[in-house]
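Trainee: The primary structure of each chain is shown beneath.
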Amino acid sequence: MFHRFANPTRFLRFAAVIQPWIAAITVALIGSGLYLGLFNSPADYQQGETVRIMYVHVPSAWMALFCYSAMAGACAIALIWKHPLAELSAKATAPIGAGFTFLALVTGSLWGKPMWGTWWVWDARLTSMLVLLFLYLGYMALNNAFDDPARGAKSSSILALVGFVNVPIIKFSVDWWNTLHQPASVVKMTGPAIHASMLAPLLLIGVGFTTYYLWVMLIRIRYEVTANKIRTLQRRQAATGESQA
Amino acid sequence: MNGFLQIVRRDLHLAMRQGMDSLMVVAFFVIAVVLFPFGVGPESNILARIAPGVIWVAALLSSMLSLERLFQADYEDGSLELLALQPVALEITVMAKVTVHWLTTGLPLIVAAPLLAVLMNLPDDGFVPLMIALALGTPALSLIGAIGAALILGSRRGGILLSLLVLPLYIPVLIFGVSAVDAVIGGFSARPQLLILSGLLVAALPLCPWAGAAAVRQGIE
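Going line by line, the protein sequences match chains A and B. Here the first sequence stands for residues 1 to 245, numbered as in the numbering used here. Here the second sequence stands for residues 1 to 221, numbered as in the numbering used here.
Check each hint, because a few of them may be wrong.
Stated by the list, open to error - Distance windows between CB atoms, simulated:
1. A:P114 / B:L23: 35 to 41 angstroms
2. A:W119 / B:A135: 48 to 54 angstroms
3. B:M24 / A:V165: 28 to 34 angstroms
4. B:W210 / A:F39: 35 to 41 angstroms
5. B:E81 / A:N144: 21 to 27 angstroms
6. A:V165 / B:A89: 17 to 23 angstroms
7. A:D148 / B:W210: 20 to 26 angstroms
8. B:S44 / A:M115: 34 to 40 angstroms
9. A:A150 / B:V34: 43 to 49 angstroms
10. B:S44 / A:L199: 51 to 57 angstroms
11. A:V165 / B:G159: 22 to 28 angstroms
12. B:G39 / A:R235: 50 to 56 angstroms
13. A:L203 / B:L14: 56 to 62 angstroms
14. B:A135 / A:A200: 52 to 58 angstroms
By construction, these hints were calculated from the structure, which means they are not laboratory data. Quick caveat: nothing in here was measured; it's all calculated off a predicted structure. Note that CB positions come from ideal geometry on N, CA and C, so glycine has one too.
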């Protein structure tokens with residue numbers, strides 16, 4: 001399975017088959033999640049209608065962390081086994097993860113304005129999400145900083161792993177530095193502390209965002225493979241052009 | 001160990017020949033801190049409140065400023081490849097480079113810090129924890145920075161890129177460095193913060209040369 005898809009052509013064929021299915025599942029999950037969340041769940045007794053921001057905010061924050069872990073995992077695979085697809089998928093994951101991180105920050109800010117009366121507070125979770133965004137941006141910048149894309153992929157893989165080791169340390173130190181945010185209420189030892197009518201859309205959108213990530217990643221990998229082919233063709237053309245002249 | 005000392009001696013020689021470079025880092029450190037009273041006003045109680053943070057942020061930036069040259073000069077004239085070929089583990093070479101970086105930037109920063117603390121009106125209690133925290137924190141900064149310096153070898157616009165890569169990773173050191181000083185000024189013990197700073201340093205000591213050497217290998221491939 002693992003080595004089967006080291007061949008880009010085989011992977012592209014596989015991707016072309018499953019892509020419409022993933023797209024359909026994504027639309028169904030996010031659509032039903034949004035319907036349940038926006039029309040079919042109660043407003044919070046304290047926060048009123050603004051609590052519905054949660055249905056985008058919390059899954060985005062999950063995805064921000066999930067994407068970074070996926071990226072670091074892909075980078076480890078790329079460095080250890082030199083799997084060509086792993087490099088591509090890490091590169092494809094970074095902008096999606098950065099997008100989810102940004103979405104989590106923006107929705108958090110929009111949620112914070114009515115709740116805390118301010119767009120931004122330097123609380124522990126917001127701050128560590130902001131740092132996570134910088135880590136994503138650093139990865140993407142390093143990936144694009146070299147004339148040779150292979151070199152950029154390798155260097156940024158090391159950076160992603162260094163960042164992955166650092167994420168818990170940064171999280172811990174920021175928690176120490178300041179804690180104002182409410183503690184986590186979905187994942188608790190005693191089971192979820194929110195009602196099922198609110199948990200269902202949250203989980204639907206969470207899974208929907210994951211399939212959305214897979215969907216966009218497939219598109220981006222196909223794009224990267226095609227771009228690589230074009231680059232090779234151009235290089236070959238330039239080489240033959242030179243030898244003729 | 002012998003190879004380690006030889007590289008340290010070589011790089012220290014090179015640093016001495018270029019003389020002014022490490023002084024320039026200290027000059028930047030001083031000027032960056034001196035800018036703050038102009039920015040926030042000369043009230044001594046405000047300056048005293050922000051002094052630990054300002055000194056730490058300025059130390060962080062000055063330490064980062066000289067990182068770009070850590071491998072770049074050797075990379076450009078090809079001696080980095082020779083250093084990688086010699087029968088000393090590349091990790092040791094990176095460690096030696098980090099040591100020299102700390103000796104030429106971290107150490108001068110620690111020496112200059114009390115003077116700046118006086119200028120910033122830092123309360124008397126804060127001096128000792130500031131020095132200890134800097135002594136524990138600046139080697140960690142050099143170690144973490146070495147990874148960034150190795151990663152940008154051969155890239156376009158290395159310096160700006162380096163700050164984007166390294167500064168987020170510096171945040172834990174900054175947080176505990178500042179809060180150690182704040183704790184003592186506030187009448188608490190700085191022991192937990194200093195222990196965590198030591199922990200960060202001890203964790204960085206083996207991991208950073210390892211990652212840095214991996215990055216150097218990518219760079220000279």
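Trainee: When the structure is checked against the list of hints, which entries are broken? Sort them ascending.
Mentor: 1, 2, 4
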